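Asker: For chain A, the structure is supplied; the task is to place chain B on it using the hints.
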Amino acid sequence: MEAFGLLLHGFAVLLTWKTLLLMMVGLVLGIFVGVLPGLGGPNGVAILLPLTFTMDPTSAIVMLSCIYWGALFGGAITSILFNIPGEAWSVATTFDGYPMAQQGRAAEALTAAFTSSFIGSLVAVLLITFLAPMISSFALKFGPPEFFAVYLLTFCSFVGLGREAKHKTVISMSLGLLLAGVGMDTVSGQLRMTFGSAELLRGINFLVAVIGLFGISEILLTMEERLALRGHAAGISLRVVLSVWKDLPKYWVTLLRSSVIGCWLGITPGGAIAASFMGYNLAKRFSKDQESFGKGRIEGVFAPETAAHASGTSALLPMLALGIPGSGTAAILLGGLMVWGLNPGPLLFVEHKDFVWGLIASMYLGNVVGLVLVLTTVPIFASILRVPFAAVAPMIVVSCAIGAYAIQNAMFDIWLMLGFGVVGYVFKKIGIPLAPFTLALVLGSRAEDAFRLSMIGSGGDMKVFWSNGLVGSITTLAIVLLFWPVIDRAFAGVARLLRPAKA
Amino acid sequence: MSNTELEIVVDDPTAPEENSPAVVSTGVVDVVVSLLLLALALVLGWDNWRTGASWDSTGPQPGYFPFYLSVILGAASLYGLGAAFVSRREAAETFVTRAQLRRVMAVFVPTFLFCLATQYLGLYVASFLLIAGFMRLVGKIALWKSLLTAFIFTAVMFVTFDIAFDVIMPKGPLEAAFGY
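These protein sequence lines are chains A and B, in that order.
For the first sequence, position 155 (counting from the first letter as 1) is numbered 155 according to the numbering used here, and the numbering increases by one without interruption.
One rule links them: number in the numbering used here = place in the second sequence (from 1) + 503.
The following block holds chain A by itself, in its conformation from the complex (with noise of 0.2 Å):
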């Protein structure tokens, strides 16, 4: 068991004091974001990235993925507490979670959320452990073909598998890829896109870009819809704690079911909402008590949880392995990466063993640490919500700024962020997604550097996306995501005439 091994060696590099430190702060700084209104996880590791900036790899990646775990707790403390989803995957904890809140089992709907949520990232964890390494050494026989397969792949499922409107989706791609572009090409140097701006040379930092689309515009958001907030405040005592840990075994099956659906929709990219509602969607279809579900049952708080945490984490599978984030915070955990010098992909296992199998250990440490932390500090996160938006509001402005203007040290990128603000409020309101713009923008220029090495490697030739067996099977499957909405439509119409017409 090499990974085991290897494991062993991410634990020694984590437990310094200095480590477990950066540990909690990180899970206190997530927490507190996810609870706030507005904010959620994608938002809040983009604001929080420059505190990391000169720490060393290892201790920005354990503080950041903390803030991330710290934040999908959160989140699920506003939906219970105030039936208001902190992300969209917290949507489904909402149905049964806010119901019990109000029949007072407020403690019990956290405690399950906590649990699962734990259970959850733990299957994921487990899946990466084993599986990431072992993709990882496959993929390092990958050539830019194999490459540019595997972008056009995840560019054509969002297309294929979203729920947006087609040309919607293909907006956003296609506007972050070109964003991705401007500034000097990487291949010959030349600039592109510039039109004679000396600011615009530097390109457009994808993490600019997603500080303004998610931080600001979701204070413009949150600021148009206010409405007054209603929740209910709950202590955990430790007698609920384990009472509800006693249920646990009960509902096996539906916390397996749910990690399994997570796992798998986390590696295929934007797959975390999906994953909430079918785990939740599932556990109903097979409960033989249907009509109990949305009235505070707790087994509608397990399961989108744990399929939503499972999903959470297994995003971050396909971003170790391969560098191709599956979900839009760890695209931002990504940027992070590229930022800290280190160059994500299939080399990074071999290359960065101590940062691979630290973020590995910590992801198993900081679950642990965060389900103490946040079965214990409940009520005091709870009560922030108390604090006026008026102040919350433009500290988090201020953060962004911060934010934006770290990256690079340039004014400018302030300017871009508000600039992106505004674009982030408008796309939302009119139903453009930002996931496939986010992707795209952390992507591109790999994306286009993988395609033109081929191109270069083959004199042109298209064939080269269909040489082997491996990237012809890759390619194949791409096009067929692209088209699928209308092969499956074409399908039903076969079966439709195949099949006798009924009386």
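In short, the hints are calculated from the structure, not lab data.
Here the structure is a predicted model, which means the values were calculated and not measured.
Everything hinted at is true.
Just so you have them, the derived chain B footprint on chain A, three or more residues with Cβ under 8 Å:
# : stretch
1 : 176–187
2 : 402–409
3 : 412–418
4 : 447–455
The C-beta atom is built at its ideal place from N, Cα and C for all residues, glycine as well.
Answerer: Quick look at chain B alone, frame taken from chain A:
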């Protein structure tokens, strides 16, 4: 029930008013955004064509990849334009009401002024002004609370970023007077 159970109610003075007139409908914004994206696609496409969007002896020229992306972007926005004209149902939906727009502007304008102030006064002074001003004018919070909160937050940021983590922020005349 356990006696730790208590309700938190956060009343918001700026809760949305009902029946506020719509400023603009979603359909109009959809069309405007599509037109803007189309214009962007044309400009970027033209620029890439100029850079060189064909093949030379070394493979694709620098403009090749972005040129075809501009074509895709242009096509998708044209489609969006057509779709916006066809669908009447969505077009009538409200994009933003007047009351909502006023609240959005209540954040956007101060944020804009904050960016402007950062350029000339440095980030920390601008941050102090933004927080104090926003809390006082938008949140109607007592002046001393606003000033104190703004000062503490700005000081914590300064210590965290400029001193502890060595992340240097833009400075203005005030910091210069203190020798930073």
